[in-house]
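Engineer: Here is what each chain is made of, one letter per residue.
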Amino acid sequence: EDQVTQSPEALRLQEGESSSLNCSYTVSGLRGLFWYRQDPGKGPEFLFTLYSAGEEKEKERLKATLTKKESFLHITAPKPEDSATYLCAVQARGGSYIPTFGRGTSLIVHP
Amino acid sequence: DAMVIQNPRYQVTQFGKPVTLSCSQTLNHNVMYWYQQKSSQAPKLLFHYYDKDFNNEADTPDNFQSRRPNTSFCFLDIRSPGLGDAAMYLCATSIPGTNEKLFFGSGTQLSVL
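These protein sequence lines map, in sequence, to chains F and X. For the working numbering, add 288 to where a residue sits in the first sequence, where the first one is 1. For the working numbering, add 1 to where a residue sits in the second sequence, where the first one is 1.
No lab work stands behind these hints: they were computed from the structure. There's no promise every hint is true.
[As the list claims (entries may be wrong)] Below, a list of computed lysine-lysine pairs in the DSS-like style, where the Cα atoms sit at most 27 Å apart:
#1 X:Lys18 with X:Lys45
#2 F:Lys367 with F:Lys330
#3 X:Lys18 with F:Lys356
#4 F:Lys357 with X:Lys102
#5 F:Lys330 with F:Lys345
#6 X:Lys102 with F:Lys347
#7 F:Lys357 with X:Lys45
#8 F:Lys356 with X:Lys53
#9 F:Lys345 with F:Lys367
#10 X:Lys102 with F:Lys356
#11 F:Lys345 with X:Lys102
#12 F:Lys351 with X:Lys18
#13 F:Lys357 with F:Lys345
#14 F:Lys330 with F:Lys356
#15 F:Lys345 with X:Lys18
#16 F:Lys356 with F:Lys367
#17 F:Lys357 with F:Lys347
#18 F:Lys356 with X:Lys45
#19 X:Lys102 with F:Lys367
#20 X:Lys102 with X:Lys18
#21 X:Lys102 with F:Lys330
[Claimed, not checked] Sample of chain F residues lacking proximity to chain X, with all beta carbon distances greater than 12 Å (derived):
#22 Arg319
#23 Asp327
#24 Lys357
By construction, the Cβ of each residue, glycine as well, lies at the ideal position given by its N, Cα and C atoms.
Chain F with its partners taken away, still in its complex shape (with noise of 0.2 Å):
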C-alpha cells in the first residue's frame, strides 16, 4: 500500500528564515509525486510534479526536489504570504492513477 508522510505537522518561522519540509514516501515505483499548497478554507492548488530522482523544480521562493525515497520543499527566504498548509502526494507506476496524499505540513511565517 503507497504511504506518504509528511513532517513537520506544523512549522513556524520568522520572516526571511529558511527552512526546508520533508515529504517521505513508499510507493512500488514512483510514477509522480506532487507538492499543492493549501490557503486556510480552500481548495489545494498545485506547485509542482517530480518524476525522477534528482529532479528539481522552482517557483519564486519554492525549490522541491527528488530522491528515491522522499521529497524537500525548500522555502527560502519566506514571507507571511508562504502562511498556508502543503501537501505531498504520490501516484504509483503501473496502478491506479489516485493519488496518495499525506496529511500535510502546517506553515506560519511571522513577520
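On the provided structure of chain F, position chain X as indicated by the hints.
Structural biologist: For chain X alone, kept in the frame of chain F given last:
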C-alpha cells in the same frame, strides 16, 4: 476564470437531513473526484468518475452517493448526515495520461447541527 466551481461554499444542515453538494468544471477533464477533508488530515477520496464510469472507494459509507449527469457536472449526495460528516468536501478534476495533477475547487464546508 474559475475552472472547478463548487457550490455552495458553506452548507449547514441538520442531523439526518439530506444535502447535495455540487461541482462544475470548464476544463472538460475526464475524471472528477470527491474528497472529504477534516481538520489537519489528508484529503480522503470518497469516489471518482472516469467519464461515466463510477468508482467507489471500499471504505466510503453507503450514506454518500454521487451523480455525474454530464462531463461538466458532478454531485455529492449525503442521504442522512451525521455529526461525523462535518468536513470540507473537495471536488477535483484531472486528465489521466498527462502530468495528472489535480485541479481542485474551493471546497464546500459542511456543518451538521
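Engineer: Now, for every hint given, state plainly whether the structure supports it.
Structural biologist: Verification of the supplied hints:
{"no.": "1", "hint": "X:Lys18 with X:Lys45", "verdict": "23 Å, holds"}
{"no.": "2", "hint": "F:Lys367 with F:Lys330", "verdict": "20 Å, holds"}
{"no.": "3", "hint": "X:Lys18 with F:Lys356", "verdict": "48 Å, violated"}
{"no.": "4", "hint": "F:Lys357 with X:Lys102", "verdict": "20 Å, holds"}
{"no.": "5", "hint": "F:Lys330 with F:Lys345", "verdict": "24 Å, holds"}
{"no.": "6", "hint": "X:Lys102 with F:Lys347", "verdict": "16 Å, holds"}
{"no.": "7", "hint": "F:Lys357 with X:Lys45", "verdict": "23 Å, holds"}
{"no.": "8", "hint": "F:Lys356 with X:Lys53", "verdict": "36 Å, violated"}
{"no.": "9", "hint": "F:Lys345 with F:Lys367", "verdict": "19 Å, holds"}
{"no.": "10", "hint": "X:Lys102 with F:Lys356", "verdict": "20 Å, holds"}
{"no.": "11", "hint": "F:Lys345 with X:Lys102", "verdict": "15 Å, holds"}
{"no.": "12", "hint": "F:Lys351 with X:Lys18", "verdict": "46 Å, violated"}
{"no.": "13", "hint": "F:Lys357 with F:Lys345", "verdict": "17 Å, holds"}
{"no.": "14", "hint": "F:Lys330 with F:Lys356", "verdict": "31 Å, violated"}
{"no.": "15", "hint": "F:Lys345 with X:Lys18", "verdict": "47 Å, violated"}
{"no.": "16", "hint": "F:Lys356 with F:Lys367", "verdict": "30 Å, violated"}
{"no.": "17", "hint": "F:Lys357 with F:Lys347", "verdict": "22 Å, holds"}
{"no.": "18", "hint": "F:Lys356 with X:Lys45", "verdict": "25 Å, holds"}
{"no.": "19", "hint": "X:Lys102 with F:Lys367", "verdict": "26 Å, holds"}
{"no.": "20", "hint": "X:Lys102 with X:Lys18", "verdict": "35 Å, violated"}
{"no.": "21", "hint": "X:Lys102 with F:Lys330", "verdict": "17 Å, holds"}
{"no.": "22", "hint": "Arg319", "verdict": "8 Å, violated"}
{"no.": "23", "hint": "Asp327", "verdict": "10 Å, violated"}
{"no.": "24", "hint": "Lys357", "verdict": "19 Å, holds"}
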